[in-house]
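A.B. asks: Sequence:
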Amino acid sequence: MSWGTELWDQFDSLDKHTQWGIDFLERYAKFVKERIEIEQNYAKQLRNLVKKYCPKRSSKDEEPRFTSCIAFFNILNELNDYAGQREVVAEEMAHRVYGELMRYAHDLKTERKMHLQEGRKAQQYLDMCWKQMDNSKKKFERECREAEKAQQSYERLDNDTNATKADVEKAKQQLNLRTHMADENKNEYAAQLQNFNGEQHKHFYVVIPQIYKQLQEMDERRTIKLSECYRGFADSERKVIPIISKCLEGMILAAKSVDERRDSQMVVDSFKSGFEPPGDFPFEDYSQHIYRTISDGTISASKQESGKVDAKTTVGKAKGKLWLFGKKPKGPALEDFSHLPPEQRRKKLQQRIDELNRELQKESDQKDALNKMKDVYEKNPQMGDPGSLQPKLAETMNNIDRLRMEIHKNEAWLSEVEGKTGGRGDRRHSSDINHLVTQGRESPEGSYTDDANQEVRGPPQQHGHHEFDDEFEDDDPLPAIGHCKAIYPFDGHNEGTLAMKEGEVLYIIEEDKGDGWTRARRQNGEEGYVPTSYIDVTLEKNSKGS
1 MSWGTELWDQ FDSLDKHTQW GIDFLERYAK FVKERIEIEQ NYAKQLRNLV
51 KKYCPKRSSK DEEPRFTSCI AFFNILNELN DYAGQREVVA EEMAHRVYGE
101 LMRYAHDLKT ERKMHLQEGR KAQQYLDMCW KQMDNSKKKF ERECREAEKA
151 QQSYERLDND TNATKADVEK AKQQLNLRTH MADENKNEYA AQLQNFNGEQ
201 HKHFYVVIPQ IYKQLQEMDE RRTIKLSECY RGFADSERKV IPIISKCLEG
251 MILAAKSVDE RRDSQMVVDS FKSGFEPPGD FPFEDYSQHI YRTISDGTIS
301 ASKQESGKVD AKTTVGKAKG KLWLFGKKPK GPALEDFSHL PPEQRRKKLQ
351 QRIDELNREL QKESDQKDAL NKMKDVYEKN PQMGDPGSLQ PKLAETMNNI
401 DRLRMEIHKN EAWLSEVEGK TGGRGDRRHS SDINHLVTQG RESPEGSYTD
451 DANQEVRGPP QQHGHHEFDD EFEDDDPLPA IGHCKAIYPF DGHNEGTLAM
501 KEGEVLYIIE EDKGDGWTRA RRQNGEEGYV PTSYIDVTLE KNSKGS
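In the UniProt record's numbering, the protein residues as written are 1 to 546.
Just so you know, these hints were derived from the structure itself, not from any lab. All values derive from a computational prediction rather than experimental measurement. What you were told as hints is all true, and nothing was included just to trick you.
Capping the alpha-carbon separation at 25 angstroms, the derived lysine to any residue pairs in SDA-like fashion look like this:
id, residue 1, residue 2
1, Lys56, Ser257
2, Lys30, Glu228
3, Lys202, Ser2
4, Lys33, Leu226
5, Lys256, Ser270
6, Lys33, Ile241
7, Lys137, Leu126
8, Lys170, His180
9, Lys372, Glu359
10, Lys33, Ile22
11, Lys52, Val88
12, Lys347, Arg262
13, Lys246, Ser68
14, Lys367, Glu378
15, Lys16, Lys30
16, Lys113, Trp3
17, Lys131, Arg142
18, Lys367, Glu411
19, Lys56, Asp81
20, Lys409, Pro489
21, Lys348, Leu360
Cβ pair distances, simulated, as ranges:
id, residue 1, residue 2, range
22, Phe204, Arg238, 45 to 51 angstroms
23, Ser245, Lys113, 43 to 49 angstroms
24, Asp107, Ile38, 24 to 30 angstroms
Beta carbons are placed, not taken as given, at the ideal position from N, Cα and C, and that holds for glycine.
Please put together the full structure from these sequences, using the hints given.
C.D. replies: Structure below.
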């Protein structure tokens, strides 16, 4: 089947068909372009969606910890990868399909134009040959008619008896001339006819079939190119299906990773304070001062002291813990995290110690590297001056000393809070306690007060800035309102404090005012302040102090 033989007379139809084919090719290219824009916009919207819901991590504290949150963020990451694959589809279609179509359409237009011009030129040449043949034919026909007229005129004069011989001879010469011209035109017509027939045969059996064959091949290549583009269009999508499947599998795995038990445990770990629930409040009998004997003190002293009754009788045990059940105190974060509950404080301190250890290891490695470099410089002076490394070594050693001090300090605080969470039943060696006291902390348990900013580093100052010695010079000693037993030894180096040994029993003459110190008295009359967290306080049922 060939266009040259089957469609030899359909030049205009083939012209229209090839133009339609190019238009269809360009229309499909436009379709691919719009599909590429859809993929690009889809990928862009997906990325914006991921960016909108991804956490903005400004610090480590804001990192997701719950498995449900981590799973969601993993899904967002997979969705971001999925958006990337949509961009890959768009790029592949743009390069392999759309770009190829546009280049091929341009080449197709050029080739079609060339073939149609060749066909028109061949048709014009055939038309020219036909005109030459037609002109020779008309001229031959005209000469034949003239020769026929000349013959009729000669016969008429030859049969006319009145005609002169000269007229007859003249008519005869004219007949011969016309006959000769007719013969010449006849030969020319025959030659032109033969030439036209040859050109016509060549036109319809050689030239036009060749041109139409080229047009047919061009149109078939266009059809093949469309088929390849259809396949490339689908392959662009199929290539990313394995990666997209992995993205979807990642989302499914993220969903399976959600662990409700683990999340619940994280809630406990995040908010557990380490405190014990508060005990029962004892009955406070305000009528006891009416029956107080004279030996317990004067009535006036009793009235003055009774006006200072502290409702928190669970001194040393519940001090500063009630904020867990009410409003949390406000205040700046302290270096030792003493503003946090014990459990949270322990975690923060442990985290800081781990970070400091990592920094220490880094500085130690740097010191080793500098020492090695110094040794190399000393053995090979041409490589460098060993003295130039001394400032850096000194700086590194200072950093190491500083980090070790920080680690030591934080470990002391960690030991302090671990002693508290271990309970009052855990006894510490006096040397540990004395070491912690020298670090400036108020107790091995890390007492908490209602004010997060209160860090007791010494005995409290009394109203009016009086010294402890001034108060102890009173002639009338304060009555005992209870007794206490020392849980830990206390050196009492500061002025106004009272030294005690572990297990020593003292009288309580003034309760803790919220500053972490309780006023006590020995049996020999020596008075002073002792850390509330170092003692186990028992108040007398029939006595209330100031």
